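There are 2 protein chains.
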Amino acid sequence: MSNTPKAKDELKNVTFIPFNVSLSIPVGSTILDAIKNANLPVTTSCGGKGTCGDCIVQVLKGKYTMGTSAALPENLRKQGYTLACKTEVNDDLVVQLPKFKQLSVKAITDIGISESNRKFVSGTFEFEPLVKKLEIKVPEPTLENNYSDLKRLQLTLINKFGIKKSDCEYNILKSLPHILRENDGHITLILFRSEESWKIIDAISGINRKNIYGITCDIGTTTLVVGLVDLKDGKLINTVSGFNQQIKCGEDVISRINYAERPGGLHELNELIIKEINNLIQKAIESLDISCNDIYYATFSGNTTMIHLFMNIDPRHIRKEPYVPAMNKIPLISPWHLGLKINNEGIIHISPLVGSYVGGDITAGLLCTPVLKSKGKIFMFIDIGTNGELVIGNKNWLVTCACSAGPAFEGGLIKFGMPASAGAIESFKFTNGLKAQYKVIDGLKPKGVCGSGLVDLLAELFINGYIERNGSINKDKVKDKYTRDDTGKGIIIVDAAECFWGRDMIIYENDIANLIRSKAAIYSACSLLLKNLGITFDSLDSFYISGGFGKNISIENAITIGLFPDINRRKYFYLGNTSFYGSYLMLLSDKNKNMVDMASEKMTYIELNTEPDYMNEYSASLFLPHTNMGLFPSINVLLKRG
Amino acid sequence: MSNTPKAKDELKNVTFIPFNVSLSIPVGSTILDAIKNANLPVTTSCGGKGTCGDCIVQVLKGKYTMGTSAALPENLRKQGYTLACKTEVNDDLVVQLPKFKQLSVKAITDIGISESNRKFVSGTFEFEPLVKKLEIKVPEPTLENNYSDLKRLQLTLINKFGIKKSDCEYNILKSLPHILRENDGHITLILFRSEESWKIIDAISGINRKNIYGITCDIGTTTLVVGLVDLKDGKLINTVSGFNQQIKCGEDVISRINYAERPGGLHELNELIIKEINNLIQKAIESLDISCNDIYYATFSGNTTMIHLFMNIDPRHIRKEPYVPAMNKIPLISPWHLGLKINNEGIIHISPLVGSYVGGDITAGLLCTPVLKSKGKIFMFIDIGTNGELVIGNKNWLVTCACSAGPAFEGGLIKFGMPASAGAIESFKFTNGLKAQYKVIDGLKPKGVCGSGLVDLLAELFINGYIERNGSINKDKVKDKYTRDDTGKGIIIVDAAECFWGRDMIIYENDIANLIRSKAAIYSACSLLLKNLGITFDSLDSFYISGGFGKNISIENAITIGLFPDINRRKYFYLGNTSFYGSYLMLLSDKNKNMVDMASEKMTYIELNTEPDYMNEYSASLFLPHTNMGLFPSINVLLKRG
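Chains as they are written, first to last, in this note's numbering: chain A, 1 to 642; chain B, 1 to 642.
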């Protein structure tokens with residue numbers, strides 16, 4: 001409104017989407033300065049020179065001018081894209097960080113427990129939740145039947161519902177004389193079962209026809225998924241997801257733990273996660289005429305660090321030798337302990353942790369596999385996220401370990417890597433030389449490559465001889481697709497014209513090295529775990545995979561690059577987000593919850609860091625598919641045939 | 001300080017001891033006006049004319065002048081006594097209400113579970129409380145033993161203390177990583193046992209040599225008794241008592257319930273009781289270098305109305321047909337629910353209620369009798385306070401009822417009646433005609449007569465023919481001790497010269513009628529209960545009496561007046577404050593607590609109001625000792641002999 005010239009120290013407001021972070025910054029600063037001040041996870045490889053294009057953002061609101069840069073094609077400029085490092089803040093701005101825009105609910109929660117996957121599941125689909133609603137009529141007292149209010153209520157539960165043992169909270173008791181008489185003894189009870197006894201956690205006068213609900217939540221390091229469950233029938237009626245807002249304090253668990261050690265850091269991380277979960281709960285219910293007070297039950301799963309931060313418990317000992325979490329099995333917690341916006345009398349269950357790097361995502365995830373119900377066979381379950389976690393065994397015994405796979409297969413540390421969401425290349429093939437044939441999630445122009453696409457890409461590069469077994473680029477074979485720039489040597493895999501960003505999509509030698517390191521970490525962990533147990537890969541009955549690859553991962557290609565062992569392909573099953581669906585199964589029935597608790601009790605946790613053979617195994621795996629080609633006979637045949 | 005003349009509407013402050021009630025009142029009002037404004041329980045029979053002396057008070061601080069009145073002897077005036085109705089407030093005053101001064105701790109808690117009484121007790125004296133303190137050393141984690149903090153702690157409890165199942169509160173878990181490392185794994189735990197499982201309710205870093213404590217409390221309608229118990233050995237190390245500050249809102253349970261129905265009334269009553277219990281806790285610990293945070297366990301007993309008010313639960317349905325309390329067995333409550341100033345993580349147990357007029361004072365009190373441990377014999381237990389409560393039965397069956405005995409035997413509704421405390425005549429005999437021989441508690445000049453003294457007095461008046469069997473005064477026999485004033489006909493029992501107040505102590509015909517009504521209510525309740533069961537008094541193995549009579553109650557005289565049945569005197573035992581000692585036994589061991597819970601479950605509660613025979617029985621008992629002299633053969637013999 002004011003026409004006075006802008007003073008040098010005048011402040012403008014910048015809001016970043018999807019983080020909802022706002023901050024004030026002096027006029028003349030760049031958007032990149034604001035990003036850095038807000039501690040948002042945007043890195044630039046050119047150091048802010050406007051050449052790499054890493055800091056691309058989209059300005060949704062506010063006026064701005066972008067300085068000169070060749071890194072941003074004209075068509076993107078027209079759509080409001082700009083480079084943060086070259087754009088001065090001279091107005092209040094709302095800025096979208098595109099890298100984080102692309103993650104859609106669909107991509108995260110697809111797959112899951114489809115009808116066809118149900119056959120694998122250890123958990124039961126019987127709906128027998130620990131929290132239930134009853135509408136009852138308590139008889140009025142008479143001189144002949146002058147039992148106390150609570151006793152008459154308890155007798156009604158015995159006589160009409162067979163609930164032999166029940167008790168109630170002080171707050172309920174306090175209101176009981178009143179609510180029993182308000183509607184002639186008609187009351188609606190919410191009960192929570194704990195072993196053989198039921199506890200009345202809420203009592204409402206009259207018959208309340210409204211349903212009650214549960215929520216189930218997967219707390220990922222990067223993303224959160226919240227499911228809303230109707231406690232009438234156990235149906236998952238809504239699923240929403242969002243970013244773990246802690247991202248701005250660090251992208252992986254180690255940097256989060258470091259952040260938590262700062263003064264006030266733990267509190268800040270805890271607030272971020274609770275606030276976002278509360279947002280997602282609100283989002284899940286807002287269109288359905290449901291109040292958060294109608295939510296009486298919540299189940300959570302997540303890795304060990306995420307659960308500590310969610311519970312506001314100091315995680316520092318997780319990353320310090322000898323790497324111990326605060327707890328394994330998690331005691332019952334009340335919503336008000338955590339500030340969770342569900343009914344204050346509601347019940348929270350969190351899946352148990354096994355060790356510092358094998359968390360509740362794995363224990364809950366096991367419910368989505370047949371591991372916990374089969375006795376004779378031996379199964380392997382592997383969850384690949386930023387870390388890889390492995391479990392081997394069956395109903396009788398379980399051994400587990402974690403490996404630092406790194407985020408390569410989630411798209412991290414890879415120039416054109418991205419999560420398995422809209423715009424991601426999810427499968428990839430070369431035809432006619434280096435002509436790319438690919439499939440993009442949601443059919444958009446490709447923005448990047450997700451895990452399953454990267455597996456395909458690496459396998460295709462290798463099998464066609466464009467890269468050597470050690471990952472170095474075979475310049476002679478690549479010919480005109482070869483490129484070299486500030487980032488290093490690379491291969492153009494999709495031409496600029498085809499790409500969403502209007503720039504060549506390049507895989508660099510460094511990206512390839514990162515992918516190889518990741519696959520080596522995972523393979524060597526599997527291999528070492530089996531060796532410790534005196535078992536070969538062939539002894540495995542099945543191999544269950546979960547994580548953020550994208551649903552169409554090619555097992556053949558994963559074997560080709562040596563990520564997974566060269567065993568019968570029919571033994572492989574990809575299950576999607578098992579942490580979320582395991583958490584959902586826990587909510588459905590306490591049998592599932594007890595199964596998980598028992599499994600976690602008997603899991604033997606092996607700390608790979610302390611295994612002297614691990615580095616040997618790892619080094620031997622840093623080739624495509626492996627230094628020992630004898631381990632990958634079918635790939636050997638393929639290479640010889642090729 | 002100011003010399004300006006006092007304005008008519010100038011206010012002065014009056015504080016009443018022992019109620020700690022302060023209020024401002026215009027200069028020129030009387031102390032009686034202030035008493036009325038403060039709703040304190042002082043009544044006058046002369047209507048404030050300065051003739052009855054009922055409103056005698058002692059001014060401890062402040063200047064005052066008393067108007068003329070014959071009712072206050074000079075010696076008392078010199079001691080600062082004055083009549084509230086005749087004393088204007090012209091200065092800030094601190095005023096002691098003497099009637100309520102006399103109750104001393106000693107009198108209330110005397111007797112109890114003496115060594116000689118222990119043989120009666122159903123409860124165990126084994127010390128096995130539900131809350132205990134352990135000092136433990138949790139091993140540091142190593143790569144080989146990298147269990148979580150909680151798990152290592154739980155394993156220590158298993159290995160060193162045989163505690164197989166333990167869990168912890170969220171707040172403990174939250175601090176565990178820190179406190180385990182602060183003193184090399186040395187920590188002090190407070191554990192609470194619930195059935196087979198222990199819950200860690202507090203954890204302190206290092207070895208804490210301080211003891212932990214419990215409190216046990218009898219919540220009486222008039223008085224509160226708080227005992228402090230060392231949880232190391234179960235010893236009762238301090239006992240304090242005070243008034244139930246609710247007295248100013250009504251003297252008996254019915255008037256308290258009426259008060260609770262006013263807007264804000266329940267809240268006010270609850271605050272009064274909690275505040276006074278907190279005061280007494282403070283008083284119990286202040287000289288002993290104990291903090292209220294060292295108190296982790298509390299047991300309470302009290303009548304049904306008191307427990308409702310203590311728990312802030314609406315008591316209105318107690319006094320309305322069909323007379324139902326909110327609950328019988330009382331769920332676990334946290335100190336912060338009630339605002340009780342003990343450790344916030346502490347445990348509270350309240351003895352169970354049977355019906356609206358048979359409360360936790362009775363159920364806990366049963367522990368102090370052999371009723372709950374004997375199978376073959378039949379016992380009667382009777383607690384006489386403002387109400388009389390009766391229990392008959394043994395380990396296998398229990399029947400109970402209450403009767404509105406009125407407060408006569410506690411000194412209420414009797415002109416010179418008073419509680420069994422310093423200055424009370426506790427035993428009484430006539431010698432040489434109407435010459436009184438009496439024993440006064442603490443050897444003072446007599447101030448009044450307590451329950452045991454009133455029993456003696458009534459028996460002596462009757463047996464010597466000074467009163468008729470219907471309670472009317474035999475003027476001819478009483479001769480010069482006969483008196484008649486505004487209150488009615490009376491007998492001078494102690495001359496003015498001997499009395500503390502310097503006035504004749506008179507028992508009026510009206511007092512005698514009240515005593516007869518009380519004894520009739522109790523006897524007829526006992527009698528009806530037995531008739532309902534088809535049992536005679538002779539079938540009773542023993543007859544246990546508790547209440548505020550005073551410890552030297554003469555059973556012979558109680559039988560003479562027809563309060564108790566004419567059975568073998570050796571069957572009678574007076575036990576003192578069984579509510580308090582029962583509550584203490586509950587604290588000692590959960591076996592006792594469970595015994596009480598189980599007993600309360602199987603007690604059959606008979607509502608006398610609904611028994612058509614009760615009024616007949618009662619009317620027949622309104623004679624001394626009874627209309628049917630055949631029921632009192634030994635008294636018949638005595639009368640004929642006399």
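Don't read these hints as lab results, they were simulated from the structure.
On a predicted model such as this, the values are computed, not experimentally measured, just so you know.
Any given hint could be a false lead.
Put simply, identical chains are the same to the list, so a pair is met inside one copy or across any two.
As a list, the in silico DMTMM-like pairs of lysine to aspartate or glutamate whose alpha-carbon atoms are at most 20 Å apart [what the hints assert, rightly or not]: (1) Lys341 with Glu271; (2) Lys199 with Asp167; (3) Lys395 with Glu556; (4) Lys320 with Asp9; (5) Lys375 with Glu195; (6) Lys329 with Glu169; (7) Lys551 with Asp442; (8) Lys174 with Asp314; (9) Lys199 with Glu169; (10) Lys164 with Glu195; (11) Lys445 with Asp184; (12) Lys602 with Glu144; (13) Lys551 with Glu126; (14) Lys531 with Glu144; (15) Lys375 with Asp541; (16) Lys165 with Glu196.
Hints versus structure:
no.	hint	result
1	Lys341 with Glu271	within (13 Å within a copy, 31 Å between copies)
2	Lys199 with Asp167	both (5 Å within a copy, 18 Å between copies)
3	Lys395 with Glu556	neither (29 Å within a copy, 76 Å between copies)
4	Lys320 with Asp9	neither (44 Å within a copy, 75 Å between copies)
5	Lys375 with Glu195	neither (26 Å within a copy, 34 Å between copies)
6	Lys329 with Glu169	between (24 Å within a copy, 13 Å between copies)
7	Lys551 with Asp442	within (13 Å within a copy, 91 Å between copies)
8	Lys174 with Asp314	between (37 Å within a copy, 7 Å between copies)
9	Lys199 with Glu169	both (7 Å within a copy, 18 Å between copies)
10	Lys164 with Glu195	both (12 Å within a copy, 17 Å between copies)
11	Lys445 with Asp184	neither (65 Å within a copy, 59 Å between copies)
12	Lys602 with Glu144	between (54 Å within a copy, 16 Å between copies)
13	Lys551 with Glu126	neither (27 Å within a copy, 66 Å between copies)
14	Lys531 with Glu144	between (74 Å within a copy, 19 Å between copies)
15	Lys375 with Asp541	within (12 Å within a copy, 65 Å between copies)
16	Lys165 with Glu196	both (7 Å within a copy, 17 Å between copies)
In the structure shown, a violation is registered for the earlier hints numbered 3, 4, 5, 11 and 13, in ascending order.
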